[in-house]
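Chemist: Next come the chains, spelled out residue by residue.
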Amino acid sequence: MKITKEQTKKIAALARLGLVEKNVVSYSKDLSAILDYAEKLNEVDTKNVETTSQVTGLSNVKRPDEVKQKEITKEILDNTPLSKDDFIKVKNVF
Amino acid sequence: MNLNEKTIHELHDLLKSKKISALDITKDVIKRMEEIEGLNVFITETKKAALKKAEYIDNEIISKGDFPKLTGIPFSIKDNFCTKGIKTTAGSKMLENYLPPFDATSITKLDEAILVGKTNLDEFAMGSSGENSAYGPTKNPYDLTRVTGGTSSGSAAALASGSSIFTVGTDTGGSVRQPAGFCGVVGLKPTYGRISRYGVIAMASSLDTISLFTKDVEDAAIVLKELAGNDVNDQTTPDVKVDDYEKFLKKDLKGIKLGVPKEYFTGEGVDKEVIRNIEKSITVLNGLGAEIIKVSLPHTDYAIAAYYLIMSSEVSSNMSRYDGIKYGFSDQSGKDLLSVYLDSRKKALGKEVKRRIMLGTFSLSHGYYDKYYAQAQKVRTLVKQDFEKVFDQVDALITPTSPTTAFKIGEKVNDPLAMYMADVFTVPASLAGVPAICVPSGQKNNLPIGMQIIGPHFSEGKIIQIAHAFEQKRGKIDLSLKV
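Residue numbers (this note's numbering), protein chains in the order written: chain V, 1 to 94; chain H, 1001 to 1483.
Take the hints with a grain of salt, since some may be wrong.
[To be verified] Just so you have them, the derived chain H footprint on chain V, three or more residues with Cβ under 8 Å: (1) 2 to 12; (2) 19 to 32; (3) 40 to 46; (4) 58 to 66; (5) 73 to 79; (6) 83 to 91.
[What the hints assert, rightly or not] Here are the simulated PhoX-like pairs of lysine-lysine, each with C-alpha atoms no more than 25 Å apart in a straight line: (7) Lys1412/H / Lys40/V; (8) Lys84/V / Lys1335/H; (9) Lys1064/H / Lys1087/H; (10) Lys89/V / Lys1093/H; (11) Lys9/V / Lys22/V; (12) Lys40/V / Lys1262/H; (13) Lys9/V / Lys1335/H; (14) Lys74/V / Lys1412/H; (15) Lys1371/H / Lys91/V; (16) Lys89/V / Lys1351/H; (17) Lys9/V / Lys1351/H; (18) Lys1027/H / Lys1087/H; (19) Lys1335/H / Lys29/V; (20) Lys29/V / Lys1412/H.
Please keep in mind that the hints were generated in silico from the structure rather than gathered at the bench. We treat Cβ as the ideally placed atom computed from N, Cα and C, and that holds for glycine.
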């Protein structure tokens, strides 16, 4: 499957990923090669085969719904690029 | 012999008999860390804290009576395990100043062992050689022009070079077994969920498995027992009893059936000398009383393709948290929120990470989901069923860990597909979530070769038993460190 330069840019935009313009061609080449290789999966007959996402058979494991207080507000905010008082600050959406 | 060259069980006996102290061991390890600085093993060293801790352990625990086997033993851990107040970079520029506010469960469980450093890795554990680290590649201690394998590159080299007594890493598609093979140490990837992932920076959550490196199989049994078990903070750790793995060290191989899957002994790019070594090792196992049976895992050839689609899809989701807002690198020079996302990720994420985010985003996108992601998840089922069928017939499988010995630094960096193929023998067990151990089995031109033993879910005891019996019979491998 050939991924064009334009498609590469579109995928990057969907993933909120800025790309250096001069690298776009090499990304589209790499993605095309990997997807070409992945084509071989279509040789496999998967009619009536279920998907697997959890290998040891667990499902819907829940923990008790209890409030636990962790006093780590300061440590969390110390890692934040921009904050004001006890809030994380962000730029305008528009 | 310096103390840093000894195993956990040897050091424990010496500590118990009061012949040495934890401080003596820690000093020898730190001395070795200084000698091997050129390998680029550590991203962060914690020498000062280690010396202080060793004194505390000597005075407050060891002097007061009985203590467990990891007490006072220096170790290092891959830099994708969160360590409270100690920089945790995941090998990325994105987290170059990140100070976690909490410890990973593995760190909590190892609180009587002595942390000497955080080890180098491919950025966010994505790679097969250690070369994708934002902090430079780690060099193989047996040949400084070659890779250590990856992604737990620093953890493997730390152990091989004697600058830790044991190390901990993560294995998603082979990231502990492959570097263990390339560096001539034991690498154990347990069953998916056997060890808690809490506090470990996520790569592909349905595959990520906390794994360990040790100098011998007995040590692997000791470390696994300490780390394994159910954790309320990781819902994928099942409530399955943790075996006393050391008991399996005493058992012989009478009555054990070992499968040799033909798909792991052929193919392009498989080194004939590696194959010859594994065949010789199988003869050794046979001589120990194990029955050898030829078997087939017919979907092996599709595992890499399925793995790269599934893993990348999970990567694209997990990596979305690095947005320049909550923590990590942030570029605030743009005019709005969107430019913070785009610019921060553009500047702080490396090429392979971006490649996988894009591949995953594409595989999950409307119109391509069924063809790529869903088909890969179905093939995963078939790969898993291959193992289930074969384990009705045999106790474990014997294969090479990797198709070759360690390759040259730079050899595969510009060809992502060639790099992915380095994981061809380790990825199937990851897709099925079954445990596997890499045990050193020989060498070629002073480069280690590793044999892989794969067992059914939660059969860690059994594969430890087989690996240990082999290790005892195998004899010393003639290898010389270049540092």
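Chemist: Honestly, which of those hints from before does the structure not fit?
Modeler: 9, 14, 15, 16, 19
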